[in-house]
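Once you have looked at the hints, place chain B on chain A.
One-letter residues, chain by chain:
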Amino acid sequence: MAQQQEAARQGSRFFTEDWLAVVVGLTLVALVLTGILKSIP
Amino acid sequence: MSDQVLSSDRAVSASRQEASAPWIWWSASFLLVVNLTVATWWLSKAVPSWDARLRVVEFPVYAVLLGLLASGVLSLLGIRARVAAYFRTEFFLKTGLVLLGATINLAEIVAFGAKGLLQAVILITSVFFFTWFVARWLGVEEKLRALLSASVAICGVSAAITAAGAVLAKKEQLAYVTGLVILFALPLMFFQPAVAVWLNLSPEVAGAWIGGNIDTTAAVVGAGSIHSQQALKVATITKISQNALIGVVAFLLALYWVVVVERKPGRRPSAWEIWERFPKFVLGFIVASIVVTLAISYGWAGKGGLRDLRHLREWFFIAAFLSIGYGLSFHGLRDAGWRPIGVYALATAFNTVVALAVASVIFR
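Those protein sequence lines, which keep their order, are chains A and B.
With the working numbering as the guide, the letters of the first sequence map in order to residues 1 to 41.
With the working numbering as the guide, the letters of the second sequence map in order to residues 1001 to 1364.
Simulated from the structure, these hints should not be mistaken for lab results.
The structure presented is a predicted model; accordingly, all values stated were derived computationally and were not measured.
Every residue, glycine too, gets a C-beta built ideally from N, C-alpha and C.
One should not assume that every hint holds.
To be verified - Subject to a maximum C-alpha distance of 30 Å in a straight line, what follows is the list of computed DSS-like cross-link-like pairs (lysine-lysine): (1) Lys38/A with Lys1233/B; (2) Lys1303/B with Lys38/A; (3) Lys1115/B with Lys1233/B; (4) Lys1045/B with Lys38/A; (5) Lys1045/B with Lys1264/B; (6) Lys1143/B with Lys1233/B; (7) Lys1303/B with Lys1115/B; (8) Lys1233/B with Lys1303/B; (9) Lys1170/B with Lys1045/B.
Claimed, not checked - If you only want the chain B side, here are some residues facing chain A, beta carbon under 10 Å, derived: (10) Ala1039; (11) Glu1090; (12) Phe1092; (13) Trp1137; (14) His1311.
The shape of chain A in the complex, shown without the other chains (with noise of 0.2 Å):
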């Protein structure tokens, strides 16, 4: 039981990780193609 609640936990960190990455990675594309980022050295 607390192995299957070890894996739910980690399994849910790593789905969590995975999205940011996602919305933060897409958020920043938004952000460029926008003119609200530019200029990036």
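Frame of chain A; chain B shown alone:
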């Protein structure tokens, strides 16, 4: 008794200070990552300006070395673990991969034409599976096998990073393969244009051979420039077309890993399990590619915007490799042994011969 009480008070006081001021260590970690990232970026621009031959030494080398240095110094000061908070390899890698998708214009695959696409598909398929089976024969571990196959078959560092994300490879494996990519690209940058001249290849065939074989973009540009302007043009387009197929390979690799490699014996994974395990950054990669392709076709994105996306991608990858260097375990590298070097050498030789044959037939 009083000494015990005093030392006990000091211990409580120290632990309260730590518990109440973690934000100091988080801030220090954040500043450290930012400064090291800027330092790496600076080195990657400055060093090639001192000696043009060093342009093939790309940012992962400086990033891993600086990360290692920081780890060593902070270990000596006894604060390495406290300042580790913002060295987030996976987050930086995956965000960088979504941004990599944003630098791929899917229309370029079409623009390159059937010839280029045919060469790319033949080379990627044949070299990927050759490397895979040679690595298996030499007993290389599965995830490392995937990294080696992807990086030789497609395009070096970016392919290695993408494959690492798809199969959840270890940091040490990614660092090892990235090192091999850069190590093998350097001699090829000089060898290939020289052989192309000796064989009296046309600039188109020479360019297609260079772009289809050499694994880093910097070395492809270097080799193409050494040969001729026309070869450089063809080599660059060939490389870009191959790069564009990274998303396809990543998707298939991730699917294979989830459905076949990680399958529990006697059990077929359900659609939900496949979805849960499937690396979401691949979807972000594909969405970013589609968005940017549309933006370019409809004129929403200018050259400045695309350049900014490439630069953003590079910042995130620098931070990722810094984090890899910071947490690098030489144990992991020793475990991998010499076999990956042998695999990479054999695969590169195979790639060189097959790319020449394919380019000679398709681009004559």
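Here is what the structure says about each hint:
no., hint, result
1, Lys38/A with Lys1233/B, "holds, 28 Å"
2, Lys1303/B with Lys38/A, "holds, 11 Å"
3, Lys1115/B with Lys1233/B, "holds, 15 Å"
4, Lys1045/B with Lys38/A, "holds, 20 Å"
5, Lys1045/B with Lys1264/B, "violated, 47 Å"
6, Lys1143/B with Lys1233/B, "violated, 35 Å"
7, Lys1303/B with Lys1115/B, "holds, 27 Å"
8, Lys1233/B with Lys1303/B, "holds, 18 Å"
9, Lys1170/B with Lys1045/B, "holds, 28 Å"
10, Ala1039, "violated, 14 Å"
11, Glu1090, "holds, 6 Å"
12, Phe1092, "holds, 8 Å"
13, Trp1137, "violated, 32 Å"
14, His1311, "holds, 4 Å"
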